[in-house]
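Novice: Take a look at the letters that make up each chain.
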Amino acid sequence: MREILDDIERWRHNNRRIAVARVVNIEGSGPRDPGASMAVNEDGEVAGSVSGGCVEGAVVGEALAILHGDMQPRMVTFGYSDDEAFAVGLTCGGIIHLFIEPLNW
Amino acid sequence: MADTPSLYEELRDRIRSDQPTGLCTIIDGPNIGAKLLIAPDRTAQGTLGHPELDRIVTRDSLAELEAGRSGVRHYGPHGQTTPEDLIDTDTVSVFVESFAAPPQMWIFGAVDFTAALAKVAKVLGYRVLVCDAREVFATRRRFPMADEVIVSWPMPVFVERGTVLGPRDAVCVLTHDPKFDVPAVMGALTTRVGYIGVMGSRTTHAKRMERLTEAGLTDPNEIDRLMSPIGLDIGARTPEETAISICAEIIARRTGRKTPSLRDGSGAIHTAE
Chain F
0 MREILDDIER WRHNNRRIAV ARVVNIEGSG PRDPGASMAV NEDGEVAGSV SGGCVEGAVV
60 GEALAILHGD MQPRMVTFGY SDDEAFAVGL TCGGIIHLFI EPLNW
Chain C
0 MADTPSLYEE LRDRIRSDQP TGLCTIIDGP NIGAKLLIAP DRTAQGTLGH PELDRIVTRD
60 SLAELEAGRS GVRHYGPHGQ TTPEDLIDTD TVSVFVESFA APPQMWIFGA VDFTAALAKV
120 AKVLGYRVLV CDAREVFATR RRFPMADEVI VSWPMPVFVE RGTVLGPRDA VCVLTHDPKF
180 DVPAVMGALT TRVGYIGVMG SRTTHAKRME RLTEAGLTDP NEIDRLMSPI GLDIGARTPE
240 ETAISICAEI IARRTGRKTP SLRDGSGAIH TAE
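Protein chains in written order, with numbering that gives the first Met the number 0: chain F, 0 to 104; chain C, 0 to 272.
Calculated from the structure, these hints are not laboratory results. Keep in mind that this is a model prediction, so the values were computed, not measured. Even for Gly, the Cβ is constructed at its ideal location relative to N, Cα and C.
Computed spacing ranges between beta-carbons, pair by pair:
(1) F/R31 / C/N220: 31 to 39 Å
(2) C/R160 / F/D42: 41 to 49 Å
(3) C/I233 / F/R31: 22 to 30 Å
(4) F/D42 / C/E221: 55 to 63 Å
Kindly generate the complete structure, drawing on both the sequences and the hints.
Specialist: Pasting the structure below:
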């Protein structure tokens, strides 16, 4: 969170809607620990990261869906290999649980 | 308009001023997204939806903050934590995120290696203090990357401020000068600091250990706290490479990984390439 505050503040100043994604849990091998965070604004600009670059693209999609949709927070999981899974995985084979929410608190 | 700051604004200001803070967020269950902002020095703000849940989560998150840990915890809707209480009831998953104050690195000795080590330590997120008794060396101009540069003998610094050091912190003694090394090491040993590294060749190290013994250091458990000579045996030569070997050793000691520390080997520290 610390490293994305400057970008968030700039976007807030410009009245952009913002979503924040945070790693809350990892199973197996994961590149970033709980607390790693990434912010996305309604224009699709990005700050920070939640993995080694494997899932950031999909997180932007989820964040934009929230910002342009129901504005509801949700859990998103990457790395499962079954049908429930998102198409995006982690090359390291781990599972990453993210909480994505609008920054309206 | 003097609006009361939002939880985010409180969090932002506390993170920026390095005040320890915890952000607790319901990530699964009723009231998803609800938040509680906790801090050791003030009452919690916000709510997770039930006063008893708030009370228990505050208690737990203060402990997590103390340890600098972040993770998901599960509760009953009224804060129940025992497994029997959670059977046949909705559970609430709370992400407890700790924003601990940054770890500290105290570097004794304002030498060539100090600037390189301070630089690498800053990259790793340390709050860096540089201390030397020699006024001409311990200057802000020589160490602009340090958070604090002080002219002092080591012992007063440990007496006045040593209690703030804990397991996440590091003391690195780089002077090679027994007049300064010995009190710095003895001072560091009075604290709970997690890492104590002392620079020097194997000859310097041997002589220093004699001086430390004379100064009263005989407890093997205390001697075992010293990483001397400092750093991992990666053949580092420049100040910058040495800084990497020191910081890598600090990381490895924290994570408990088996890595070749110079302390545990023998032979020349620097070999011709």
